[in-house]
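Trainee: Listed below, chain by chain, are the residues.
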Amino acid sequence: MLKRLGSMGLPLVVLVLIFAVGPYTVFNNPATLFEMMAFLALAQGINVLYGFTGYLPFGYVGFFGAGAYGASVVVLKLHFPILLAILAGGVIAVLISVILLPMLRLSGAYFAIGSLAAAEIVYNVVANPNLQSVTNGPYGINLAPVFNATLSYWLMLVLVLVAVTFVIWLRHSSFGFSLLALRDDPVSAGMAGVNIVRTRTLAWLASAFIAGLAGAIYAWHISVFYPGTMFDLNISIFAIVFTLFGGRATVWGPIIGTVVLYGLYNWIGFSTPQYFQLVYGLLIVGLVLFLPNGVMSLIGRRRKSRHAERKGAVMNV
Amino acid sequence: MSESVLDVRQVVKKFGGFRALDGVSLSIRPGEILALVGPNGSGKTTCINVVSGLYPADEGEVLFQGQRINGLSMSSLARLGINRTFQIPKPFKALTVEENVDVALRNIHPATPLVDDPLAFVGMDHVRDRMASTLNSGQQKLLDLARALAGAPKLLLVDELAAGMNPAELRQLAGKLRELASRGVALLVVEHLMGFVNQLAERVIVMNAGREIFEGSLAAAAKDATVVEVYLGG
Amino acid sequence: METILAYSIIGGILFGFFYALLGLGLNLVFGVLKMVNLAHGDFVMLGAYGAYVAYSTSHINPLITILVEIVAFGIVGMALYYGIVPRLLKSHDPEMLSLILFFGVSQAIEALATFAFGQNTQTMNPNVFGNHPLVIFGQQFQTAWWVSVLVSAVALALLYLFLYRSKLGRATRAVMGNREETAASGINVNRVSTIAFGIGLALAGIAGALTPFMLGGIYTTMGVGITVTSFAIIVIGALGNPLGTIIGGIVYGVAQFLMQSYLPSWSAMAPFVLLLIILLVRPGGILGKGARYA
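Chains as they are written, first to last, in our numbering: chain A, 837 to 1153; chain B, 20 to 253; chain C, 46 to 339.
Hints should not be assumed to be uniformly reliable.
To spell it out: a stretch of chain B is covered by chain A in this simulated footprint if at least three of its residues, at any positions, have a beta carbon under 8 Å from a beta carbon of chain A; those stretches are [as the list claims (entries may be wrong)]:
| no. | stretch |
| --- | --- |
| 1 | 101 to 107 |
| 2 | 119 to 127 |
| 3 | 166 to 177 |
No more than 20 Å apart at the CA atoms, straight line, and that leaves these computed lysine to aspartate or glutamate pairs for DMTMM-like [what the hints assert, rightly or not]:
| no. | chain 1 | residue 1 | chain 2 | residue 2 |
| --- | --- | --- | --- | --- |
| 4 | B | K112 | C | E140 |
| 5 | B | K195 | B | E234 |
| 6 | C | K135 | A | D1020 |
| 7 | B | K195 | B | E179 |
| 8 | B | K109 | A | E871 |
Facing chain A, a subset of chain C residues (Cβ under 10 Å, in silico) [what the hints assert, rightly or not]:
| no. | residue |
| --- | --- |
| 9 | R132 |
| 10 | D138 |
| 11 | L157 |
FYI, nobody ran anything at the bench for these hints, they're computed from the structure. Ideal Cβ positions, reconstructed from N, Cα and C, are used throughout, including at glycine.
Turn these sequences into a full structure, and let the hints steer you where they fit.
Mentor: What follows is the structure in structure tokens.
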């Protein structure tokens, strides 16, 4: 039992080592580490939705941007304390996801492109000059009065740990099994007593909450930004690719995907973003054609066959 | 007064202008095995789909233990004690065989289990830890049955379970289903294989074009002029 | 007031032919393969740059460029199909994986186009086709504009003739109806699909060459937006139904014009709002069957 808990907690230990100890020892680059953490949180959020339910949210960035702007408006206009405002950012993302609940009736491409349209709508509302009095429209936000680089860094780490813990729980709970069952076949899952609507809804709200909080903390950390910064479609795409690369519906997949790909991105240090866009565009094509279940599927497969000799297969965690 | 588990009353199901079920009525008592037979497209599977909540009836009533269940979701029906197998089973591929059954056990929480171990009951003890994606189609059907039994149904709808099985397997399966009936489960069986129906059901309903055309024993059905005409003249 | 309304409606209908053309390539590919080509908009963008570069470097009339692009895009489409689609169709979830894959293709094209053409927005001289404005009900429409509308209408008519009057076109519609059954009836589904993919991209190329006149400035990152717009158009009409796309294009065109006339500051989000409303209210589209469950 203790051993089991230990192996479940391993991802958390590794993440704390990288992001809490890292800045003071080997990788002294807090800006990169912070961005990487933001993507870790987003990739796990995508994992909750796409990995466990099969809904592919191209417009996931909409929740991120809504969280960023939600928190900023609450701080600047309502003068809430910053931590409360960040929570409010998460809540606003959840509220938008509640409005968008009917989208869960859509399947496959309809959902994916519908979510993209929804994100564009949120962006167009936030950036609209008519709403300058609330969001400052296209002219951006300045959070200098509450800026705190250190605290926001640690808060992002907390969010990452919470998101990873949530996914670990999903991997081991009835709820997570129900989600996977629902993803594989909604009709059989219904007959297995899985409440289709409620289960999907919870996963959707949870993943919106993670993105909203990530956006809010991100906004706090960078403190000066424009609508285009926070609603950049590439944010969705990066998070999806990182998740897909590592392996969806696993705990380690999104972590490995983000650390390896985002690490590589910064290590190579692309001078023009188009080089990276080209590389990850081709990477997506290669992944889908040759490794559709991600890096973790290689590890999982090997472990399974090793176990199978003794006692059947195990699930890849 | 009604001791039946299931009462279907004048149910109509339309797809566009096509009446897949055109006023069907039937009832089953606890422990009874009723077979629905008839040519392709006669409405047998549609009937099971309506009872199990996959689609709503357009007209008529479905009663389970005297309670109206029209419009309830599949998961609510599963918790009430209605379960089913599928003609083309789709196991949860990301899960192991055992976890497939666990999903049903954990979500339905039956007060008293129907069988101690659904996987052992269907003879899948030895593949518990395999990934469901690795099963062959016969095993997938048995897993589907085990998943349905895990919900401890009082009414079990069985859709074309026998297809693709050899005679020995069929005899064994018929024995299992009769054992379930002896424990008080009502079974509504849709089946093409008349040999299998013969081993199972005392009573059959023959359907054609969304209507019942005969009700009685299989032997009597074989002598009925309308039934013979539907099967041979169609 | 009334003139604005008349202008919006007439303009919207005419523009609708172009929008229909924009959606048709995507719909043809979807109909045949049940895959959404998320790189569709990027091929439109390439078509636009083709016309722009040909004109600005060698003064080649865009109508000539269109003919060249039909051939070039058709060949690229067929090659692309052979390279990836059969492998995709064998995977465990072609629908989702194709979505992701074509998104990758889209990103790669966008990056390459930015290397080739730079990051600036380019515009084309609207007097390429001379200066013979068309006047309808007292409303003036400039030459490049009505020529584009005319070209769109001709392309739609030719596609219609192909689909409904030729043997190959009938086979294509059969595949759109039911891929498995058509394969069983002896039609070479793979060949039909390859050609449909080629035609789909050729249509994207034609629409692209007209884009500078219809949508204004062109830039290399416009692909994603065009894909979403095209998707909106075909969803309005009904996915997999080529005639529906024409209705979708016209509905979309009129809606777009009305928004621009009456709510200009919100018109940028019109395609997205329209798409979301249609998806949620009537996912099967105006001509579609509608109901979906689970």
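Trainee: Take the hints in turn and mark each one as holding or not.
Mentor: Results of checking the hints against the structure:
| no. | hint | verdict |
| --- | --- | --- |
| 1 | 101 to 107 | holds (count 3) |
| 2 | 119 to 127 | holds (count 7) |
| 3 | 166 to 177 | holds (count 4) |
| 4 | K112/B with E140/C | holds, 17 Å |
| 5 | K195/B with E234/B | violated, 25 Å |
| 6 | K135/C with D1020/A | holds, 18 Å |
| 7 | K195/B with E179/B | holds, 15 Å |
| 8 | K109/B with E871/A | violated, 41 Å |
| 9 | R132 | holds, 6 Å |
| 10 | D138 | holds, 8 Å |
| 11 | L157 | holds, 6 Å |
Hint check: violations occur at hints 5, 8; the rest are consistent with the structure.
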